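Visitor: Listed below, chain by chain, are the residues.
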Amino acid sequence: MAEPETAPGGAEDPIIEITGLNKWFGQFHVLRDIDLMVERRERIVICGPSGSGKSTLIRCINRLEEHQQGTVVVDGVELTHNLKNIDTIRREVGMVFQQFNLFPHLTVLENCTLAPIWVRKMPKAEAQELAMQYLERVKIPEQALKYPGQLSGGQQQRVAIARSLCMQPTIMLFDEPTSALDPEMIKEVLEVMVDLAESGMTMLVVTHEMGFAAQVANRVIFMDEGQIVEQNTPQEFFNNPQSDRTKLFLSQIL
Amino acid sequence: MSKHAFHRSRAEMLPERPAPLTSRGIIGWMRANLFSSWLSTSLTLASIAVLALIVPGLIEWAFIDATLTGEIGKDCPSEGACWAWLDQRITQFFYGFYPVEAYWRVNVCIALLVPAIAYMLFDRLPYSRYGRWFSLAYPVIAAFLLVGGLGLDVVRTDQFGGFMLNLIAGLVGIVLSLPIGIVLALGRRSRMPMVRLVSVAFIEFIRGVPLITLLFVAIILLPLFLPPEVTLDQLIRVMIIITVFASAYMAEVIRGGLQAIPQGQYEAGQAMGLGYWQSMRLIILPQALKISIPGIVNTFIGLFKDTTLVIIIGLFDILGQARLLQTNPDWLGKVDYETFLLAALFFFVICFSMSRYSLNLEKRLDTTRR
Amino acid sequence: MTDKAPSGGGGFDISRAWTDERARGVIFQIIIVLGLAGLAAFIVSNTITNLREAGLSSGYGFLFDTANFDINQRLLDYASTSTYGQAFVVGALNTILVAVMGIAMATVIGFVTGVLRLSNNFLISRIVGVWVEFTRNVPVLLQIIFWWLIMLALPRVRDSISIGDAAFLNNRGIFLPSPIFEDGSAIVLAMIAVGIAATVLVRRWARKRQDATGRTFPVGWIGLGLIVGIPVIVYFAVGQPLDFDLPEKKKFNLKGGFNITPELIALWLALSTYTGAFISEIVRGGILSVSKGQTEASGALGLRRGLTMRKIILPQALRVIIPPMTSQYLNLTKNSSLAVAIGYQDIVSIGDTILNQSGQALEVISLYMAFYLVLSLLTSAFMNWYNKRIALVER
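As given, the protein sequences belong to chains A, B and C, one line each in that order. Note that the first sequence ends on residue 254 in our numbering; no numbers are left out. Note that the second sequence ends on residue 624 in our numbering; no numbers are left out. Note that the third sequence ends on residue 1019 in our numbering; no numbers are left out.
Hints were generated in silico from the structure; no laboratory data involved. Be a bit skeptical, because a hint or two may be false.
[Said to hold, decoys possible] Quick list of in silico lysine to aspartate or glutamate cross-link-like pairs, DMTMM-like style, CA-CA up to 25 Å: (1) A:K146 to C:E920; (2) A:K247 to A:E236; (3) B:K328 to C:D783; (4) C:K916 to B:E616; (5) C:K916 to A:E92; (6) A:K146 to A:E188; (7) C:K916 to A:D87; (8) A:K139 to A:D182; (9) C:K935 to A:E65; (10) A:K146 to C:D835; (11) B:K617 to C:E905; (12) A:K121 to A:E92; (13) A:K139 to A:E188; (14) A:K247 to B:E266; (15) C:K879 to C:D867; (16) A:K146 to A:E126; (17) A:K84 to A:D13; (18) C:K935 to C:E920; (19) A:K187 to A:E198; (20) C:K916 to A:E65.
These figures come from a predicted structure and were not determined experimentally.
Chain A extracted, bound-state conformation:
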C-alpha cells in the first residue's frame, strides 16, 4: 500500500496517485473513474463547468470528501478510514477555499499560528516568527494583529494562503480562490500564487483564470460530468482543444 507504483504514463516521481476514483452524492455520480497522477512540483489547473466535480476531486485529496471506490495515495500514504493516515496527509496538504474560511474570532497572526502550535507542536515564538515570515511573503505583515473582519477580500485570501503555508505543506490545493473576489483584488491574490508556483510548490488549482493557467500551469485538465475529458499542456489546450466539450467551454469563458 505504501509502496508507490510507477504511474502508467511513466511519471517518475508521482506525489499524488489517484486510480479508479468514483464518488456518489446519494444517487448522483459526481466522480467517474478518475485516474490522475501528479508529479512533484507539478502545477495543475483544473477547469470545467460548474457541477463537473472539479472541487469534489481536489477535496477528495485531503479527505474533506470521502470516496467510495478507487484509491487515493498522497506521498506514499493511502487515504482510508485510518485517522492516522488522514492526519498525516492533512499535514502535507494545504488548502485554500473560495470563501477564505478564516477564523473570525482569531487575529490574522493567531489564524496562522493555530495549526503549527496545536498540530506541529511548535513553540509559540517560533510559530509566530514563521507566521510573520509567510505574512511578509503574501505582503501583509502589517495586518498581523487585525481580525479577519477588518480586511478586504483580497487581503483575507492572502492570509488564508499564508495560514496554509505555515504548516509547510508539500502540496497546495486551491478551490476557486479568486471566485469570491472583486476584479481589482483578483490580481493581488494571483500574484501571490504565481510567486508560490515559481518557488516549486506542487499545486492543484481549480480556477477559471485562464491567464493564470497559461502563465504557470504545466498541465490543464478539463472536467465535465464528473470525468476528466481532456488534459494537455496549456499551449495545446488553449490553441488546439480536441473534444467538442472543451471547445464549447473555452468559447464560453474566453
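Starting from the known structure of chain A, arrange chains B and C on it as the hints suggest.
Guide: Same frame as chain A, but now just chains B and C:
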C-alpha cells in the same frame, strides 16, 4: 512533455452508474445514518432500548389496557388509562361552565376567527375590501356573541372557562398589545428623552417581573388603585394585565423589526417631505411589521401557554378543569395523567403548528431579504 | 420641516411653537409627564382612600413582626417565631436555590440534547427533536404540576424505594445521607482547595511550557487527579473523618438524613427540562451558525475533531449562544414563581402567606417585584457587558 500520459482527450463520455450497494438503498442509508461510527452505533442501540422501554408500555397504557366507558373513577381498573370521564367532561374542558345551550355562540366565534385572521394576514383574497372591515369589527362581534346582551342571553364571565378561556385570553392579549406595543417601540426609539425614558422603564419593568406577580396585582392591587365605586369584572382585570404584559414583549419584537429597516428608508421618507407619523404609517411600519410577524407569532405562543397561570388566581381554564376533575372525589387518583395528557395535546397541537408557521415565514423572509 | 428658518436664540413665539420641531418635542414631553403625574396622583389618592376605609396601615414596619408560620424548606435558621422579614429572606433564598439548580441542570440538558439533535444519527436526532418540540410547546405550569403529581404518586414512606439502604425515595421526596464532619475533615476539604490551586498552577505552567517548547500537556487529566485523587488519598490517610447520618426507616416516617421535598424536585425537573428544551434549540442554532467552511478549514489544517470543536466551533458558537441563553436563565428564574401552584416555598409563595396574614398587599407585592427586578437588571447588565466585550473583539 510527451512522456506524460496526460495529453489526451476522451472520445466517449462515461455513463452515470448507480452507487455501490454499500452506499445506497436501505443498507447505505443505515450505514450513513445509524452505524457510521462506534459512537453512532451505540447511540442507535441506546435509542432502540429507550424506545422499546417506553413506547410499548405507553401504547398499552393509553390504548390497549384503557377503559373507555364508566360513570365514576371506580369503574376504571388500576392498570391502563382511564378515559371514561371524556364522555361527561370533554365539553367542560373546552367550554368551561358556559351554558350548554349557548355553545353555538362560541363555535360561531371560532368559525368567524378564521376569515378575520386571514383578511388581516393576506392581501389577495376575494372581497378583501370588506374583509378588512370585517377583521376590524370582529372583536366587537365576538364580544357580543360571547357575553350576550341586546337580545342574546347574558353569560357571566365567571362562566367562561376551559380551553376557550385560554384562547380568548391569548387572542385578546395579543390583539390589544399590538397597537400598544407599536407605540412603546416607537417611544423607545424616539428622540425625546422623556418619551424614551417612560417607554424603557415600562418595558423593562414588565419584562423583569414574573407574570404571576402581575396577575396578583390585577386581583389584589387593581381594586385598591381605583376609586371605590368602580368595580371591574375579574376577567376584565386579568385581560388588562395580560395585555399590559404582552405589550412589553410585543414592543421588543417590533423594535427588532424597526431596527432591521435600513436607514435609507427613513431618509427617503423625509426626503419626500413626509412627516414623522406619515412616514411611519406609510413606509416604515408596514415593512417593520411584516418582518416582525414571526416574532409576533412566537410572542403569541408564549402568551398562550402563559394563560394557564390564571388557575393560580382562581379561574378555571383547561388546566383548571383538569385539576377540578383530578380532585373530584368521584375520580380522585384515577385521571391525573389522562387529563393532563389531553390538555397538553391541546396546547401542543396549536403551539407546535404555529411555531412551524413562524419558522417557515422566517425562512421565506430570510430569502427575500438577501 | 424641510426648510425651517434658523430658529435663533431669543424670544419664544407661541405661534411658532407648533411649527418648530424642538418646541413641539418639549411640549409633547411636558404633556406626557403631566399625564403620568396625574395618573400617579389618581392612583395614590385612591389607594390612600381605600386603605383608610379598610382600616389598614401602610409601610414596611410589619417586616419586624413575628411571622407565626412554618417553612419546612429552608436554607437558613428559621422558626415560626422569626419575623416576616426573615421569612422573606428564606423565600428569596429558596427561589435562588431552585433557580441555580434549574439553571445548572437546564444548561447540561440543553447542551447535550442540542448536540445530539445535530448528530448524524437519524434515530437519536429524531427522538431528541420530538422531545424538544413537545416540551417547548406545553405550558410549563402544566409540566410543574405533572411532575408534582408523579412525585406524590411515589410509594408511601413505609414502602420507600431504597437505594442501598442509604437513600430513600418516596412521596415525601428524596432522603439522602447527610454528611457529618469529624476531626480531620477540614484537612480533606483543604486538600480539595489545594488541588484546585495546584491545577491552576499546572495549567499556567503547561501553557508556558507549550509556548516555549510546543509540547502539550494533559492538564484536564492531571487536574482531575489533583482535585479528586489527592483528597481521596488524604481522606483515607487521616482515617476517614467523614461520617454520614443515614436516613433511618421507621414505620411512618424517616428519621435523620437530609430531605429534598417533592415540591423542590418537581419544580426543579419541570423548570430544567422546559428551559433545557429552549436552550437545546439555542445551542443547535449556535452551532449551526458556524459555517461548515470553518470546520473544513480547520480539518484541512490538520486539526482533529476535538481540537476543531474546542478552538474553532465552540468559541464562535458561544457568542451566538450566550446572550439568548442568559435570557432563558432569567425566564427560568421568573418561572420558578409558579412554585406557588404546588406549594414550594419560594419568595412569591411565602409573600402570599405573609400577605394573607398581615394584609400588607402593596408592600408584599412591591417587595417580591423588586426582588425579580434586581435579578433581571443584574442579568441585563451582564449581557450588555458581554455583548460589548464581544463587539470589541469582533472589530
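Visitor: Does each hint fit the structure? Answer for all of them.
Guide: Hint-by-hint comparison with the structure:
1. Our distance criterion of 25 Å between C-alpha atoms is met by K146 (chain A) and E920 (chain C), whose separation comes to about 23 Å.
2. Our distance criterion of 25 Å between C-alpha atoms is met by K247 (chain A) and E236 (chain A), whose separation comes to about 12 Å.
3. Restraint check: the Cα-Cα separation between K328 (chain B) and D783 (chain C) comes to about 24 Å, which is no more than 25 Å; the hinted pair holds.
4. Pair hint K916 (chain C) plus E616 (chain B) holds up; C-alpha atoms about 21 Å apart against a cutoff of 25 Å.
5. Between K916 (chain C) and E92 (chain A), the direct Cα distance comes to roughly 22 Å. Compliance with the 25 Å bound is thereby established for this hinted pair.
6. Simply put, K146 (chain A) and E188 (chain A) have alpha-carbon atoms about 19 Å apart, close enough for the 25 Å limit, and the pair holds.
7. Restraint check for K916 (chain C) and D87 (chain A): the C-alpha separation of about 19 Å stays at or below 25 Å, so the hint holds.
8. Our distance criterion of 25 Å between C-alpha atoms is met by K139 (chain A) and D182 (chain A), whose separation comes to about 19 Å.
9. Only pairs whose Cα atoms come within 25 Å are accepted, and K935 (chain C) paired with E65 (chain A) is accepted, the gap being roughly 22 Å.
10. Between the alpha carbons of K146 (chain A) and D835 (chain C) the distance comes to roughly 21 Å, so the proposed pair stays at or under 25 Å and holds.
11. Simply put, K617 (chain B) and E905 (chain C) have alpha-carbon atoms about 16 Å apart, close enough for the 25 Å limit, and the pair holds.
12. Of the pairs offered as hints, the one joining K121 (chain A) and E92 (chain A) holds, with about 15 Å between alpha carbons and a cut-off of 25 Å not exceeded.
13. Among the hinted pairs, K139 (chain A) with E188 (chain A) is consistent with the structure: their alpha-carbon atoms are about 9 Å apart, no more than 25 Å.
14. For the hint linking K247 (chain A) to E266 (chain B), the alpha-carbon distance of about 15 Å falls within 25 Å, and the restraint holds.
15. Proximity of K879 (chain C) to D867 (chain C) is assessed by CA-CA distance (about 16 Å); at most 25 Å being required, the pair is judged to hold.
16. Using a Cα cut-off of 25 Å, the hinted pair K146 (chain A) and E126 (chain A) holds, with the two alpha carbons roughly 20 Å apart.
17. Proposed proximity of K84 (chain A) and D13 (chain A) is supported: the alpha carbons are some 24 Å apart, at most 25 Å.
18. Of the supplied pair hints, the one linking K935 (chain C) and E920 (chain C) holds, its CA atoms being roughly 13 Å apart against a limit of 25 Å.
19. Between K187 (chain A) and E198 (chain A) the alpha-carbon distance is near 16 Å, which keeps this suggested pair within the 25 Å criterion.
20. Proposed proximity of K916 (chain C) and E65 (chain A) is supported: the alpha carbons are some 13 Å apart, at most 25 Å.
Figure legend: structure checked against the earlier numbered hints; every hint is met.
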